[in-house]
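Protein sequence lines correspond, in order, to chains Z and X.
Residue numbers for the first sequence follow our numbering, so the first one is 223 and each next one is one higher.
Residue numbers for the second sequence follow our numbering, so the first one is 138 and each next one is one higher.
In short, the hints are calculated from the structure, not lab data.
Every residue, glycine too, gets a C-beta built ideally from N, C-alpha and C.
Fair warning: there could be bad hints in the mix.
To be verified - In silico SDA-like links for lysine to any residue, alpha-carbon gap of 20 Å or less:
1) K171(X) - D364(X)
2) K529(Z) - P244(Z)
3) K281(Z) - T186(X)
4) K401(X) - K341(Z)
5) K274(Z) - H255(Z)
6) K401(X) - K338(Z)
7) K338(Z) - Y327(Z)
8) K489(Z) - K171(X)
9) K485(Z) - L329(X)
10) K401(X) - N390(Z)
11) K341(Z) - K274(Z)
12) K489(Z) - L329(X)
Said to hold, decoys possible - Covered by chain X, according to a simulated footprint, are these stretches of chain Z (three or more residues, beta-carbon under 8 Å):
13) 357-366
14) 400-413
These are the residues of each chain, in order.
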Amino acid sequence: MDSILQLDDVSRSFKKGSITIPVLQNIDLNIKHLEFLCLVGESGCGKTTTGKILSGLLKPSSGRVLFEGEDVSKLRGAAYHRYRRSVQIIHQDPYASLNPSQTIYNMLSYPLFRHKIAKNYAQARERVAELLTRVDLTPPADIIDKYPHQLSGGQRQRVSIARALSTNPSVIVADEAVSMVDVSIRLGLLNMLMDMRTNLEVTMVFITHDLAIAKYFAWDGRIAVMYLGRVVEIGRTPEVVGDPQHPYTRVLLSAIPEADPDKTRNKRHIELRSEDIPQLTDLPPGCTFHPRCPWFIDGVCNTHLPKLAPVLAAESQADVACIPLTQGMPLTLYTP
Amino acid sequence: MNDVILQVDNLSIIYRSDRGAVQATTNVSLKLRKGETIALIGESGSGKTTLSLSFIRMLPNSAEITGGRIRYTRDGVTRDVLEMNDEEIRRYRWSDCAMVFQGAQNAFNPVLKIRQQFADTAYAHGFTDKAWIRKRTLDLFKLVRLDPERVFDAYPHELSGGMRQRTLLALGVMLDPQVVILDEPTTALDILTQRAIIDVIQRMQDTLNFSIMFISHDLALAAEMADRVATMYAGEIVEEGAVNDIFYRTLHPYTLGLIQSVPKLNREQDRLISIDGEPPNLIKPPSGCKFHPRCQFATEKCKVEAPMLVEYEPGHSAACWHTDKVIEARG
Chain Z
223 MDSILQLDDV SRSFKKGSIT IPVLQNIDLN IKHLEFLCLV GESGCGKTTT GKILSGLLKP
283 SSGRVLFEGE DVSKLRGAAY HRYRRSVQII HQDPYASLNP SQTIYNMLSY PLFRHKIAKN
343 YAQARERVAE LLTRVDLTPP ADIIDKYPHQ LSGGQRQRVS IARALSTNPS VIVADEAVSM
403 VDVSIRLGLL NMLMDMRTNL EVTMVFITHD LAIAKYFAWD GRIAVMYLGR VVEIGRTPEV
463 VGDPQHPYTR VLLSAIPEAD PDKTRNKRHI ELRSEDIPQL TDLPPGCTFH PRCPWFIDGV
523 CNTHLPKLAP VLAAESQADV ACIPLTQGMP LTLYTP
Chain X
138 MNDVILQVDN LSIIYRSDRG AVQATTNVSL KLRKGETIAL IGESGSGKTT LSLSFIRMLP
198 NSAEITGGRI RYTRDGVTRD VLEMNDEEIR RYRWSDCAMV FQGAQNAFNP VLKIRQQFAD
258 TAYAHGFTDK AWIRKRTLDL FKLVRLDPER VFDAYPHELS GGMRQRTLLA LGVMLDPQVV
318 ILDEPTTALD ILTQRAIIDV IQRMQDTLNF SIMFISHDLA LAAEMADRVA TMYAGEIVEE
378 GAVNDIFYRT LHPYTLGLIQ SVPKLNREQD RLISIDGEPP NLIKPPSGCK FHPRCQFATE
438 KCKVEAPMLV EYEPGHSAAC WHTDKVIEAR G
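Whenever a hint applies, use it, and build me the whole structure from the sequences.
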């Protein structure tokens, strides 16, 4: 089986009083064994919810999650445990995700006992030390009995990664795992996560708002760009970043400042028609990007809901959710 | 140069703590000229926020300025900010030097309407003409591309994050200050909102011609907005120069490390180099050059002797014994 984790028409909504908020709508994702997939988008696009559904922390409102081809909701007993053990998540904020009253040993040994990976104290101790070494917290003896407040932000995030590794997972969902740490520490963490594919045979789902980091991380993988609860473009990383197709991806890439003065100052910024992001409770009809899209086509984009499909008349192999692009209509800037 | 508005000389600030004194900034010198934008870049704990708070004397009680001075010039009159009395500093804040804090969501009083908060700021500085206040506020809203009537009568919670950030920028320049300090102006904003804010800041500066000192850990923002860049590490400015000098003719290993560790958005696969080690402990900072434990070029000399900030080319200074090696490494 080539696919390790799959979302099949997954939607998820949350209830707030009498209002239903559709956070994810009709997501299809097929994550292949040992693939690096990045979920990219702005806040509120549903990337974290997708990550939580993939790792079993949230149930979909409709649709199926398949782990190694099997519907997760039908797994029971040992099979379900195996799924939960195999898919681990790293949370964004290392200051909030580690229990302040537990030592590093306590936190890292709990999953070992829970999943019967260690049988006694000595075994757990040894395995925790191994995990700490694995994430470059060396010597482990200096760290193992400390509390989170005694560690720096970068060290805490390494503990978080070690905790995700503790159950020998086959998939790790990393939710903004490097966005809270300083620039000089960030690259080291990214490289460590990237090495895990080779060293530990781990498939990675990397969630980020930063397209440059996504590009670095998943250069030989794929990027899925999300907007208001849907995937709007998915394709091989060099294509999505180098030759973006969907209007939203194009606007996004044109807007990002870059750490190169000449380049960033001469960049052509694509103007949106509106800066207002629609509310999830009051989504526009048709393509949800249409009120902002510079290439809006009246009578097409505001009436028909686009589905992911290959772009016609382009070299890019990416799938986009954009009716003009997938039906070969020329993009021209909208003039009212 | 006589167009210097804010000049900092050898400023040192410590924080008192139970574990000892924290050297937050050490011998920092900096000049801000009329209409110029300086970016202070550095990581958490590098002293950039402490430094900028000292410009408006808003340091917490545990802080102590142990040396140096900050001189401010307006209309040919130069005053020392650290010597101003309470009334002088009260008037200087906002009318001369305004600060827009990080996290626009928390900067407004949640129970007062936006227009009240603008009016209060004006009253506190002796502006009592209500018609003027209203006009000024509405004009500024137009400048920052907000719907003036809507925002004027809104409560903070009725505005989105991007709108609040713009409102805050408008409030910052209400009394026509010469200097505006922006603390992480775009952090925590989405990409498209961030772009809109950058455009708004540049538009405001073009119209009102104030000087900007902004603090950021984001090199891309510095590349985009700054005329000059100062890199801070462990409380010291380790490199300072024109934006192109910093990015294309880098002299300090730390600046080089930052630049080389940031992923780019071009079509090629990145070859990035990470900076080893952890940020320094400022209670017991490393001997000699504070960056030496993490520096790929460090020698015995770096462990013993701290390098001074030296001007290597006109307007481009660095504090490093081995700038020649950096020049070689940057290629």
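Taking the hints in turn, this is what the structure says about them:
The hinted pair formed by K171(X) and D364(X) meets the criterion: a straight-line CA distance of about 12 Å does not exceed 20 Å. As the CA atoms of K529(Z) and P244(Z) are separated by approximately 17 Å, the hinted pair is consistent with the 20 Å bound. Distance restraint check for K281(Z) and T186(X): the Cα-Cα separation of roughly 43 Å exceeds the 20 Å cut-off, and the hinted pair is therefore not satisfied. For the hint linking K401(X) to K341(Z), the alpha-carbon distance of about 47 Å lies beyond 20 Å, and the restraint is violated.
At most 20 Å may separate the alpha-carbon atoms for a hinted pair to count; K274(Z) and H255(Z) meet this at roughly 19 Å. At roughly 43 Å between alpha-carbon atoms, K401(X) and K338(Z) are farther apart than 20 Å, so this suggested pair is violated. With a C-alpha separation of about 16 Å, the suggested pair K338(Z) and Y327(Z) falls inside the 20 Å cut-off, and the hint holds. This hinted pair does not check out: K489(Z) and K171(X) have alpha carbons roughly 27 Å apart, beyond 20 Å.
Of the pairs offered as hints, the one joining K485(Z) and L329(X) holds, with about 18 Å between alpha carbons and a cut-off of 20 Å not exceeded. With a C-alpha separation of about 32 Å, the suggested pair K401(X) and N390(Z) falls outside the 20 Å cut-off, and the hint is violated. Between K341(Z) and K274(Z) the alpha-carbon distance is near 29 Å, which puts this suggested pair outside the 20 Å criterion. The suggested pairing of K489(Z) with L329(X) holds, with an alpha-carbon distance near 15 Å, which does not exceed 20 Å.
Under the rule that three or more residues need a Cβ within less than 8 Å of chain X, the assignment of the segment 357-366 of chain Z is violated, with 0 such residues. Residues of the segment 400-413 of chain Z with a Cβ under 8 Å from some Cβ of chain X number 8, which satisfies the need for three, so the listed coverage holds.
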